[in-house]
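Chain residues, written in single-letter form:
Number of protein chains: 2
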Amino acid sequence: MEEKKAMQLAIDKAREGIKNGNVVACEHNVVWKTTDITAHAEINAIRVACKNLNSIDLSGCTIFSTCEPCPMCFSACHWARIAKIVYGASIADAKIAGFHELSISNETMKELGSSEVEIVFGFMREENVQLFEEWKQKCGSKVY
Amino acid sequence: MEEKKAMQLAIDKAREGIKNGNVVACEHNVVWKTTDITAHAEINAIRVACKNLNSIDLSGCTIFSTCEPCPMCFSACHWARIAKIVYGASIADAKIAGFHELSISNETMKELGSSEVEIVFGFMREENVQLFEEWKQKCGSKVY
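Chains as they are written, first to last, in the working numbering: chain A, 3 to 146; chain B, 3 to 146.
Rather than coming from a laboratory, the hints here were simulated on the basis of the structure.
Some hints here could point you the wrong way.
Since the list can't tell identical chains apart, any single copy or any two copies may satisfy a pair.
[As the list claims (entries may be wrong)] EDC-like mimics (lysine to aspartate or glutamate), calculated; alpha carbons at most 16 Å apart, straight line: (1) Lys-35 x Asp-59; (2) Lys-86 x Glu-118; (3) Lys-144 x Asp-59; (4) Lys-144 x Glu-129.
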């Protein structure tokens, strides 16, 4: 699948529009919906991918995320041996939107933890930052 | 609940013995059992605690972990606003046991991320390191 299309899927999914192409999993954040603080989109996608591939090893997989994975999600990618993380907006953008972020970038996590994961940042950044605007208008007080 | 008793619960739980005292949640690792690379004991305990308290905010809670939470689990504690992490063995011990750890200590995560969580390390360390020995004898090739 072409990379822009894959990121567009993540964006669409974040808007609740489910579209399955040739992907292993495509999930969005359900922290509030399921009362589960760990239910970030990336964690959900990794859990579903493990189920769908019937494996805890996601070697070779690329994860497309609308926002830079937080340290929890970055570490989950590492555990799953995901090959590549492609993200749009940054943790700093999420923090500006009001989230209680641990401000440690993926680059720092990778370096400190000697992770082999490849990181592509700022991919379709504008469209992804725009999601925070839409989100603020719809549920601006629901930060966590 | 007395702190040693709470840690003993975590140890017992890691041995598959479920004992519920006056605790919000008590879980063990089910990564292999559920084919879910994110299903570390701490993530599971936080998810169950959210359900049991019907809240994504676990402020005031203390988590007792047999091993130092990995960066994924540390970050989940941060998101849940857990007040205190008490752990026994260290990430270095888990690495020696063969796990594919991101070697970033809880102290480093706390410092870099400006987290307010309190950390107590090496609590009942000997009993907790012993668990790795038991685990190696039972499932030594099942590292991930």
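Evaluation of the provided hints:
Taking the shortest alpha-carbon separations for Lys-35 and Asp-59, only the inter-copy value of 14 Å comes in at or below 16 Å, while the best intra-copy value is 28 Å. Taking identical chains as interchangeable, the C-alpha atoms of Lys-86 and Glu-118 lie at most 16 Å apart only when both belong to the same chain, with a minimum of 9 Å there against 31 Å between chains. Proximity of Lys-144 and Asp-59 under a CA criterion of 16 Å is satisfied inter-copy only: 12 Å between copies versus 34 Å inside one chain copy. With identical chains, the CA atoms of Lys-144 and Glu-129 are never at most 16 Å apart, being 21 Å at best within one copy and 42 Å at best between copies.
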